[in-house]
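Numbering-wise (the UniProt record's numbering), the sequence shown opens with residue 1 and increments by one.
It is worth saying that the hints were derived from the structure and are not from the lab.
Computed cross-link-like contacts, EDC-like style, restricted to lysine to aspartate or glutamate with a CA-CA straight-line distance of at most 20 Å: (1) Lys-618 - Glu-589; (2) Lys-186 - Asp-51; (3) Lys-1029 - Glu-977.
Label-pair distances were calculated between CB atoms; the ranges are: (4) Ser-1235 - Leu-888: 52 to 60 Å; (5) Glu-582 - Ala-965: 51 to 59 Å; (6) Thr-763 - Arg-581: 34 to 42 Å; (7) Asn-622 - Glu-561: 26 to 34 Å; (8) Leu-1081 - Pro-1125: 18 to 26 Å; (9) Ser-967 - His-723: 45 to 53 Å; (10) Glu-561 - Asn-390: 39 to 47 Å; (11) Lys-618 - Pro-6: 52 to 60 Å; (12) Glu-1175 - Thr-1022: 50 to 58 Å.
These numbers come from a predicted model, not from an experiment.
Yeah, the Cβ is synthetic: ideal placement off N, Cα and C, and Gly gets one too.
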Amino acid sequence: MDAFPPSYVDHNLPLVLISGLAAAGKAGEEAGEAIVSGVDGADGGVCVFSDFPPVSGAVADGLLAALLAEDASFWPWSSRYFSHRANGVGLRIQRASRTYTLPRKKADTTQYAPDSDGLAPVPHSPLSPLTPGSEVFPDGIVTPSWISKHQCLVPAAFVNFFPLTTDTNMSTLKDNQLKIEINSLKRDWAQSGYKTRFVVVFLFEDGPVLDDANYRISSIRKATGLDPRNVFTLPPGPSPLDIQRFVKSLLFSIQGAAVEYYRDLSKHTRRKRNRTTIPPPTAPPTSGTSQTLSQQGWNVRYEFKLGVLAEFRQEMDAAGRSYETAYDLLFGDEVFGVIAAWSPRFDEARMLADVLALRILRCHLWLEQTTPAVQFWVAHRRRIQNIAYNKGKGTNNYGWEAWEVNWSLIMAHNISRSYIPPSPAGTNSGPIFVLSEKTLLSGERVSPWDFLHHRGYWLARAAKHTARRRLHAENIPQEDRLPPDQHNATSQCKALSNVYDTYQAPEPHVEYPIDDRPGDKYSHQILEFLTESVAEFAKRGQVRMVEKQKLTMAKEYVRLEAWSDALDILRPLWLQISWRREGWWHLMEECAWLLRDCAVRCGDFEAIYRIDWELMNKNFTNRSDWNYDIHRTGTTDEKASEKPVMVLADRDVASCISMSFIFNSSSGNVGEPLKGQLVLQSDCIRKSSPIHLSEVKIAFEGGLPPIRILADSNAIDASKSTHTHASISLADGQSGPSSSLQEIKGNANLSLFPGQMRAFTLTLIPREASDVRVASITLMVADDKFDLAYTISSTSNDAYALPRWWTESKGSITSRRIGKGRDPSSCQILPKPPKVLISVPGLRDAYYFGEKAGLNIRLDNNEDASASIVVELKLSGRSEYPAVISWLDGADVEGHSEETEELSASQTKEAATQTIRRKIAELGAGEHTILPAMVVEAPHPIQYDLEISVSYHLSSDPEAAISKAISLDLPFIQPFEANHNFLPRLHLSPWPDFFNIDESEASNMQQRWLLNSTLMPLARETLVIEDVKLRVVAVEVGKICSITTASDSSKQSGNRYIRPEEPQSTDFMVVIERLAMEDRLQTGVSFELKIKWRRDEQQDVFEAETTSPEISLPTESVITSLTVPRFSIPMSEPRVLASLGAKTSRSNDVPGLIQLNYTLENPSMHFLTFNLTMETSDQFAFSGPKSMTLRLVPLSRHTLQYSLLATRRGVWIQPQLVIVDTYFNKTLRILPTESIKSDAKGILIWVD
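Generate coordinates for the entire structure from the input sequences, incorporating the hints supplied.
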């Protein structure tokens, strides 16, 4: 950006000058350097004089710092930022002295005589093309001094700070001094002719504020004629927060006035533009320069001014329109078209075009119109290129390249000062480019270059054109590079100006002088640009561009002979370069030879050997003049002070040797041979010398020990055949330092000729079961000059892409494809197949809770040798009280006692595991043994998991541990389930007499119930039921419950066979007696059903004969308890029982005659009245009361008898006797007894 005047490039902001604040200390020194005092008085400017001392102190320091902090000169060029920080208008705030000199508004015309008509010369601005002595007189368009005048000299507001005393004795005197000083300043500003806003700020001195402070301020304001809007007062003793608020309020009031100040200037410029005639100059041009600025030139000048003034107001859209109008007018035929290429005005017009383009770009970026900005940048470049072709010196010269550099830097500078919208992905590093913000029309296409790329691209472009500029400069003839004082004649100097473009470049003798290394300055510029560009690209993760530019930087350092700097760049670049992975060998080769040259000059032997190892790769170009021998590398005779040691990894090196190790099979077994093959492939250049490896080491993940293959010193192999095969005998070596596995060693010929492949077949004996995978393969070269180790830790290289197994047959080497569908570098090592069989003869499908489960563990040794066996049983189940497993014979082995792992009550949801072990010292080959075990009493139905595992070793191979395990399910299920019916029955014993109660005896209030329990077998086999009993678990206090077995159930035999899906019933008579007559509580009774049962002995004997004779558990009786649901009995409520009368001779003589009795019970202590109604039916005829009223005294019952004669036989009849409690108006439900059923409608009686 140094090619343009700063005023042309800088963003224009309203200028606000602050005067009268003196800062102390370091802050005062920094602020003092920025104090401005206007133009030089010798130019005849208007001087605003003041000798009033400035305000000092802590408040002045804080106020000055807060004001200068609001200076927007370095804010980002963005409407968003300005609207957030300064309400849309930023200010340029500078500190000025009390005495300030303003530039003249009109030039001095006293030196010019009147014209022939006697008219005085017309005064114009000193910067106008109409004023002689101006830079642009008579045909120039605009000068940067005009922008500097408004940006740096003439403020929009001038803020004066004055102290206001709090001393009552001096207040009148000092107030009068302020009035005189302010009036003097106002008069000077009025005489200057500028409409700058004059602002006064009063700062109270330390001390109490008097009541007349407002009156004094008002008096000063009236005496000086100040506008109240231009007077501000800061109270004494303000806090930093108060100062910040005051500054915000002050600047906010200035913003509006500043915008109006520049709007008035725009109106004045627009009025002059709208004139149809050009004003007369102050004095006519001298002879030979009669050409003046054309009307279109004046329009360019006015539009440029309007754009600058709009930029002052931060109206960037209006500024852009004015700049674009001026830009189009400038390239018209009446402006650029009439300027001769040899005229100095031609370069001025080019600079004005560049300045207009720069400001148009800034307007686009300010409004976040990124795509139009890029498109305009390209369009301006093409337009200037056409101008250079048609009227200039063309583009094939260093001057054009200098312009290209500056034009690229303009865009980089604008991007760095602008606000770039965040990327859609929201990455913190910033976007690579900004997508188009405008809606594309149908058919409109936007090229990738039209997207605004980040600053790094433009810096890289500047570096590229700087290199081209150097190339053109190097082609300058030597005679043109001579200084002017050494030219033969002046005409030759003039001729040079017609050949070389010096618009933004110096003369040839300055551009590329003869002495002092003229090309170094270009290298320094390129390095400066690329350093910043690399940072931008690296910040966005553009690795390839970073690598390319770092290579260019290294080349520039080499050109400067800064070998160490080039080495510092290339060494880390070479280790992590992406070209190696992507196969860009020509770029890698260029980088390698450059790095090697730097390493040789810097004595970096490690880098030399590392690069030579890769340069032997056949992917690189074969240099005919180079000796490709890693053992005699082509370095100088200088020897390293220390022997370099290199450790290379496959991901960082394009090695000249590739390696792979594959397994012949995807799985193997412990103790059995497993074949693997190591393949070494030379990828060296054909003319290279052989490489002599000292060692190859293979490391595995898993249970295989590492393998070391050492170079055989006795091997003599001069064969250069492309394929060789050898089998290596391995032997145990020393244990590795970081592993307990013992190394395996072997020897082989490890010399590799160019393009040669060596395959080595290895036979391994795994000793441990695991998943084995090749972890790494390391080759080592131990030379007297260096040590090199190259490690492959990835199996994704080309050597594993198409794995092949090499074999030698009849003197020829052949290969076959293996590993299809699997990873050939991995192998699953399985345990040695166990030949000890585990079985459990006589295992039942299910066991029943409460019984003991006997298990016979049979072990058959089918191995070829005797075995020492440890047997382990694990019983797992989720239970709070788990069953117990033990050896039936109580056997145990020392050191292997029974172990039980129990859980607390809070952990019952977790599986509890019990473990028992025993050892068999020796079990001969072909022998078997049976170990009896027992699971004792599972307390409730549960599913147990039984794991039987054996671990043994053979007498022939005591180090190889072999194991085997089987899992069994031991379900303990419920043998029975029961359904229960609690039915009412009529108790025949008499009730007590209410009128004659004997309190010394029991109440005799008894109720009889029948509990019918139906057993449903859940077993899959026949069981023997020995006994079924009912036990009272709980009964309410004050009640007595007795249980007897029903007569039908007592007649059944003691042992009953219950078969699957054949239910059996048992009846129990339950008599409940209420002890106290006045007891009105409901009675609850809980029962438990006790079932004594056992398995069928005959069936067990049959199963034992068919399976194994070693079952040792006898058949035992088991008692299973079933909970009966709780029954509730309302013993104090009235009830009605229906029963059949006894058979008589009459009923036998009359078919269909039934005696039916209704017994009404009143167990309460109340007198009850019932209405009884027997409904008629077509099913039967009846004899008995049709309707009646029955009154029952407390503790009494009454029986009604009915004779029913059915109309048909073999059917169910349903008599309907309605019994209603008259007091409660409640209908009583009739309860059936023996031989009577009921449904929702009532009782049912069967007619035989």
